[in-house]
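With the hints in hand, could you dock these two chains into one complex?
For the record, the sequence lines run as chains A and B. Per this note's numbering, the first sequence starts with residue 1, numbered consecutively. Per this note's numbering, the second sequence starts with residue 1, numbered consecutively.
Honestly, the hints are just simulated from the structure, not real lab data. These numbers were taken from a predicted model, which means no experiment stands behind them. Take the hints with a grain of salt, since some may be wrong.
Some, not all, of what chain B presents toward chain A, calculated at C-beta under 7 Å [what the hints assert, rightly or not]:
1) Tyr33
2) Gln44
3) Leu47
4) Asn99
5) Asn100
6) Gly105
Distance condition first, Cα-Cα at most 25 Å in a straight line; then the derived DMTMM-like pairs of lysine to aspartate or glutamate [said to hold, decoys possible]:
7) Lys36(A) x Asp101(B)
8) Lys40(A) x Asp101(B)
9) Lys36(A) x Glu100(A)
10) Lys22(A) x Asp101(B)
11) Lys40(A) x Glu10(B)
12) Lys73(B) x Asp26(B)
13) Lys70(B) x Glu100(A)
14) Lys40(A) x Asp31(B)
15) Lys55(B) x Asp101(B)
16) Lys36(A) x Asp81(B)
17) Lys70(B) x Asp98(A)
18) Lys55(B) x Glu29(B)
19) Lys73(B) x Glu100(A)
20) Lys52(A) x Asp101(B)
21) Lys73(B) x Asp98(A)
22) Lys55(B) x Glu100(A)
23) Lys36(A) x Asp98(A)
24) Lys22(A) x Glu100(A)
All C-beta atoms in this analysis are idealised placements derived from N, C-alpha and C, irrespective of residue type, glycine included.
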Amino acid sequence: ETGVTQTPRHLVMGMTNKKSLKCEQHLGHNAMYWYKQSAKKPLELMFVYNFKEQTENNSVPSRFSPECPNSSHLFLHLHTLQPEDSALYLCASSQVWDGELFFGEGSRLTVL
Amino acid sequence: AQTVTQSQPEMSVQEAETVTLSCTYDTSESDYYLFWYKQPPSRQMILVIRQEAYKQQNATENRFSVNFQKAAKSFSLKISDSQLGDAAMYFCASGGYNNNDMRFGAGTRLTVKP
Numbered sequence: 001e002t003g004v005t006q007t008p009r010h011l012v013m014g015m016t017n018k019k020s021l022k023c024e025q026h027l028g029h030n031a032m033y034w035y036k037q038s039a040k041k042p043l044e045l046m047f048v049y050n051f052k053e054q055t056e057n058n059s060v061p062s063r064f065s066p067e068c069p070n071s072s073h074l075f076l077h078l079h080t081l082q083p084e085d086s087a088l089y090l091c092a093s094s095q096v097w098d099g100e101l102f103f104g105e106g107s108r109l110t111v112l
Numbered sequence: 001a002q003t004v005t006q007s008q009p010e011m012s013v014q015e016a017e018t019v020t021l022s023c024t025y026d027t028s029e030s031d032y033y034l035f036w037y038k039q040p041p042s043r044q045m046i047l048v049i050r051q052e053a054y055k056q057q058n059a060t061e062n063r064f065s066v067n068f069q070k071a072a073k074s075f076s077l078k079i080s081d082s083q084l085g086d087a088a089m090y091f092c093a094s095g096g097y098n099n100n101d102m103r104f105g106a107g108t109r110l111t112v113k114p
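If we strip away everything but chain B, and leave its shape as in the complex, we get (with noise of 0.2 Å):
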């Protein structure tokens, strides 16, 4: 079984600023997906971006990118420029290619003042 554990329960950060968001994980695979997941208030969770384990480069979409160390089991998600429109729950999830044990962090509440 996959476990991931997200160490910041709440972290805020200014508008236009930068913030990490941590996630550590443990896997017994040697292949699987990482996924930082976004749920604005009383809204659905959609996907900010994905890794896939085998790739070395670290994934970016925008002003979203992610610090994927392996070795350590560590998965980072940098928000850059932050925009009042970022502020929400983040999850960090981690699945093998076995799609019935996709794992899911307690979150990040993210607040971003004006």
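Excised from the complex, chain A in its bound form (with noise of 0.2 Å):
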């Protein structure tokens, strides 16, 4: 098993269609993030949780949702996204009071 495993790689979606994205990871950390990648832009930091606790919202809009059952376990529920929300969703796992990220692969997303 890869650190942290984010499921599916890929995803289309229409502007109306509802669907999650799904992290896991098996590093025993207790902090888990989304982050957000588009082309040639800094990776936009969406969410945190540290202890399954949401820390931080980074004024994400309305229509990403996350959700953070356990410490292993984090997903991005999606709903009426735009076409400008087509991106590479990242997630990524660290110990709470160590800096370094250990990310997953990605889920490409691509809103229609």
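Listed below in structure tokens is the structure:
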């Protein structure tokens, strides 16, 4: 098992669909993150969960809804997205007290 | 909030030569981390090297080293004896000990020519 696993790797959805991205970490970490990666732009921090509690919501639109049921799993629920939401969504984990992030391979999202 | 700037969208280096990637950052934190991450094509991002800001000595990891200039808020990455496998996007990142504020630059695409 790789350290951080994301599914699905690719997702195409219409603007009216509802879908979810899943992330699972096998590293015993207590913090999990969602980042958005768009071409030629810095990674955008979306959400941070520490010990299953959301500690950061970086002004993300409500059409993105995170869920962290336990310290090993993180979801990003998607609904009524816009074409500009098309991007690579990266999940990462870490220990809360250590800055090093461990990333998954990402979920490539295309909104039609 | 922290900001990270990478002024070189693309860089190219000949195999076995040395290349330096630039990064500047801005932070209000007194203690913080600095990182370089590597993202190969269609593969996950991995850590290349890290530096704790309170340490004066520049970090090194085999062929990778940094030039950390705290007063100038500069954190460049030097890759020596470049290899074809070094071709990737390289991201500079900065974060305080509060893990809610890890910020990344826009990245530098490194090409290694055989």
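Now the hints, each set against the structure:
A hinted interface residue such as Tyr33(B) counts as satisfied when its beta carbon comes closer than 7 Å to some beta carbon of chain A; here the least separation is about 4 Å, so the hint holds. Interface hint at Gln44(B): satisfied, since its Cβ lies 4 Å from the closest Cβ of chain A, which is below the 7 Å cut-off. The criterion of a C-beta within 7 Å of any C-beta in chain A is met by Leu47(B), whose closest approach is roughly 6 Å, and the hint holds. With a least beta-carbon distance of about 6 Å to chain A, the hint placing Asn99(B) at the interface is held under the 7 Å criterion.
Hint status for Asn100(B): holds, given a least beta-carbon distance of 4 Å to chain A, under 7 Å. Annotation: Gly105(B) was flagged as interfacial toward chain A, and the flag holds, the nearest CB pair being 6 Å apart, inside 7 Å. Using a Cα cut-off of 25 Å, the hinted pair Lys36(A) and Asp101(B) holds, with the two alpha carbons roughly 15 Å apart. A C-alpha spacing of about 20 Å is found between Lys40(A) and Asp101(B), which places the hinted pair at or below 25 Å, so the restraint holds.
Of the pairs offered as hints, the one joining Lys36(A) and Glu100(A) holds, with about 18 Å between alpha carbons and a cut-off of 25 Å not exceeded. A distance of roughly 23 Å separates the Cα atoms of Lys22(A) and Asp101(B); the hinted pair therefore holds under the 25 Å criterion. Only pairs whose Cα atoms come within 25 Å are accepted, and Lys40(A) paired with Glu10(B) is accepted, the gap being roughly 11 Å. A threshold of 25 Å between alpha carbons decides the hint, and for Lys73(B) with Asp26(B) the separation of about 7 Å falls inside it, so the pair holds.
With a C-alpha separation of about 20 Å, the suggested pair Lys70(B) and Glu100(A) falls inside the 25 Å cut-off, and the hint holds. The suggested pairing of Lys40(A) with Asp31(B) is violated, with an alpha-carbon distance near 29 Å, which exceeds 25 Å. Pair hint Lys55(B) plus Asp101(B) holds up; C-alpha atoms about 20 Å apart against a cutoff of 25 Å. For the hint linking Lys36(A) to Asp81(B), the alpha-carbon distance of about 33 Å lies beyond 25 Å, and the restraint is violated.
Between the alpha carbons of Lys70(B) and Asp98(A) the distance comes to roughly 20 Å, so the proposed pair stays at or under 25 Å and holds. Restraint check for Lys55(B) and Glu29(B): the C-alpha separation of about 15 Å stays at or below 25 Å, so the hint holds. Note on Lys73(B) and Glu100(A): the hinted pairing holds, with a Cα-Cα distance of about 20 Å set against a maximum of 25 Å. Annotation: proposed proximity of Lys52(A) to Asp101(B) holds, straight-line Cα distance about 17 Å (limit 25 Å).
Only pairs whose Cα atoms come within 25 Å are accepted, and Lys73(B) paired with Asp98(A) is accepted, the gap being roughly 21 Å. For the proposed pair Lys55(B) and Glu100(A), the alpha carbon gap of about 16 Å is at most 25 Å, so the pair holds. A distance of roughly 21 Å separates the Cα atoms of Lys36(A) and Asp98(A); the hinted pair therefore holds under the 25 Å criterion. Straight-line distance between C-alpha atoms of Lys22(A) and Glu100(A) comes to about 21 Å, which keeps the hinted pair within the 25 Å bound.
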